[in-house]
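A.B. asks: Just so you know, the protein sequences line up as chains A and B, in that order. Quick note on my numbering: the first sequence kicks off at 1 and runs consecutively. Quick note on my numbering: the second sequence kicks off at 113 and runs consecutively.
Errors might be hidden in some of the hints.
With beta-carbon atoms standing in for the labels, derived distance ranges [stated by the list, open to error]: (1) B:Gly-128 with A:Arg-61: 43 to 53 Å; (2) A:Gln-14 with B:Gly-183: 47 to 57 Å; (3) A:Asn-22 with B:Gly-128: 39 to 49 Å; (4) B:Thr-210 with A:Ser-55: 35 to 45 Å; (5) A:Asn-22 with B:Gln-196: 26 to 36 Å; (6) B:Glu-126 with A:Gly-60: 45 to 55 Å; (7) B:Glu-126 with A:Ile-18: 40 to 50 Å; (8) B:Thr-223 with A:Asp-53: 39 to 49 Å; (9) A:Asn-22 with B:Asp-130: 40 to 50 Å; (10) A:Tyr-96 with B:Ser-185: 20 to 30 Å; (11) B:Gln-153 with A:Pro-82: 17 to 27 Å.
The list that follows gives simulated cross-link-like pairs (lysine-lysine, DSSO-like), each with its CA atoms no further than 27 Å apart [what the hints assert, rightly or not]: (12) A:Lys-58 with A:Lys-68; (13) A:Lys-68 with A:Lys-57; (14) A:Lys-42 with B:Lys-123; (15) A:Lys-5 with B:Lys-123.
A partial selection of chain B residues facing chain A, derived with a Cβ cut-off under 7 Å [to be verified]: (16) Phe-157; (17) Gly-163; (18) Phe-177; (19) Phe-216; (20) Gly-217.
Source of the hints: derived by calculation from the structure; they are not laboratory data. Since the model is a prediction, treat every value here as computed from it, not as a measurement. Here a beta-carbon is modelled for each residue, glycine too, at the ideal position from N, C-alpha and C.
Spelled out, the chains give:
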Amino acid sequence: QQQVKQSPQSLIVQKGGISIINCAYENTAFDYFPWYQQFPGKGPALLIAIRPDVSEKKEGRFTISFNKSAKQFSLHIMDSQPGDSATYFCAPRDNYGQNFVFGPGTRLSVLP
Amino acid sequence: GAGVSQSPSNKVTEKGKDVELRCDPISGHTALYWYRQSLGQGLEFLIYFQGNSAPDKSGLPSDRFSAERTGGSVSTLTIQRTQQEDSAVYLCASSTRTGYEQYFGPGTRLTVT
């Protein structure tokens, strides 16, 4: 299966700090780059997404930075809050097959 | 409006039995996906339906797994002769025809004893 890598595997941040999660991919047919947030016992929910024609997108405290040449994109969470504690997945979409390839996930813990 | 629903929420079955998992997508969504999530792991793609097109079954792990979608709406994932390694949360998602934003259901937790 197409490889999507995330780092770090887990992250602990103090309240108010910045959380940064990275995603690296190999497939050049990916055409949509979302981040999903998942709380225990729930299905993932779309957090923020970017298309490859822009390098950055910001929505509130959440920012995606996209580096097409390096085949990487990252999620930045500013002013992290305990309520942000969850598992985050990158899941780029394959334009050819129209399916999504999920990364292994990053478990974020924000300490109060 | 109503989101994606899945039933049952939990299923415990004995090894060797068949199970059926159901997904009701958001009304009007033409695309439907099934994923498997093992404990503490990422999501593994299983199968994708888009409208009346032939499904993409490339993610199904073995011929014990099958899925159908009736009338372009409700989908059923069937696992025959269940094995312990089938224990996982099975997630369903739907999206519009353009297929970019997926909406996930709460999942079905399958335990094979």
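A.B. asks: The structure should be examined with respect to each hint, and the outcome stated for every one.
C.D. replies: Tested hints:
1. Between Gly-128 of chain B and Arg-61 of chain A the beta carbons are some 49 Å apart, a value that agrees with the proposed interval 43 to 53 Å.
2. For the pair Gln-14 of chain A and Gly-183 of chain B, the beta carbons lie near 51 Å from each other, so the given range of 47 to 57 Å is met.
3. Taken as a hint, the range 39 to 49 Å holds for the pair Asn-22 of chain A and Gly-128 of chain B, whose Cβ atoms sit roughly 43 Å apart.
4. Distance hint check for Thr-210 of chain B and Ser-55 of chain A: the Cβ-Cβ separation is about 23 Å, which falls outside the suggested range of 35 to 45 Å.
5. Our hint of 26 to 36 Å for Asn-22 of chain A and Gln-196 of chain B holds, since their Cβ atoms are close to 34 Å apart.
6. A beta carbon spacing of about 48 Å between Glu-126 of chain B and Gly-60 of chain A agrees with the range 45 to 55 Å that was offered as a hint.
7. Between Glu-126 of chain B and Ile-18 of chain A the beta carbons are some 49 Å apart, a value that agrees with the proposed interval 40 to 50 Å.
8. Evaluation of the 39 to 49 Å hint for Thr-223 of chain B and Asp-53 of chain A yields a pass: the beta carbon distance comes to about 45 Å.
9. For Asn-22 of chain A and Asp-130 of chain B, the hinted distance range of 40 to 50 Å is satisfied, since their beta carbons lie about 41 Å from each other.
10. Distance hint for Tyr-96 of chain A and Ser-185 of chain B: a CB-CB separation of about 26 Å, consistent with the stated range 20 to 30 Å.
11. Separation of Gln-153 of chain B from Pro-82 of chain A is about 24 Å and conforms to the stated range, judged on CB atoms against 17 to 27 Å.
12. Proximity of Lys-58 of chain A to Lys-68 of chain A is assessed by CA-CA distance (about 17 Å); at most 27 Å being required, the pair is judged to hold.
13. At roughly 14 Å between alpha-carbon atoms, Lys-68 of chain A and Lys-57 of chain A fall within 27 Å of each other, so this suggested pair holds.
14. For a cut-off of 27 Å, the pair hint linking Lys-42 of chain A to Lys-123 of chain B stands: about 16 Å separates their Cα positions.
15. A threshold of 27 Å between alpha carbons decides the hint, and for Lys-5 of chain A with Lys-123 of chain B the separation of about 31 Å lies outside it, so the pair is violated.
16. Because the beta carbon of Phe-157 of chain B sits about 5 Å from the nearest beta carbon in chain A, less than 7 Å, this interface hint is met.
17. Because the smallest distance between the Cβ of Gly-163 of chain B and any Cβ of chain A comes to about 11 Å, over 7 Å, the interface hint for this residue is violated.
18. Hint status for Phe-177 of chain B relative to chain A: violated, with the closest Cβ pair at about 16 Å, above 7 Å.
19. Taken as an interface hint, Phe-216 of chain B checks out: its beta carbon lies about 3 Å from the nearest beta carbon of chain A, inside 7 Å.
20. Because the beta carbon of Gly-217 of chain B sits about 5 Å from the nearest beta carbon in chain A, less than 7 Å, this interface hint is met.
The structure fails to meet hints 4, 15, 17 and 18 from the earlier list, while all remaining hints are met.
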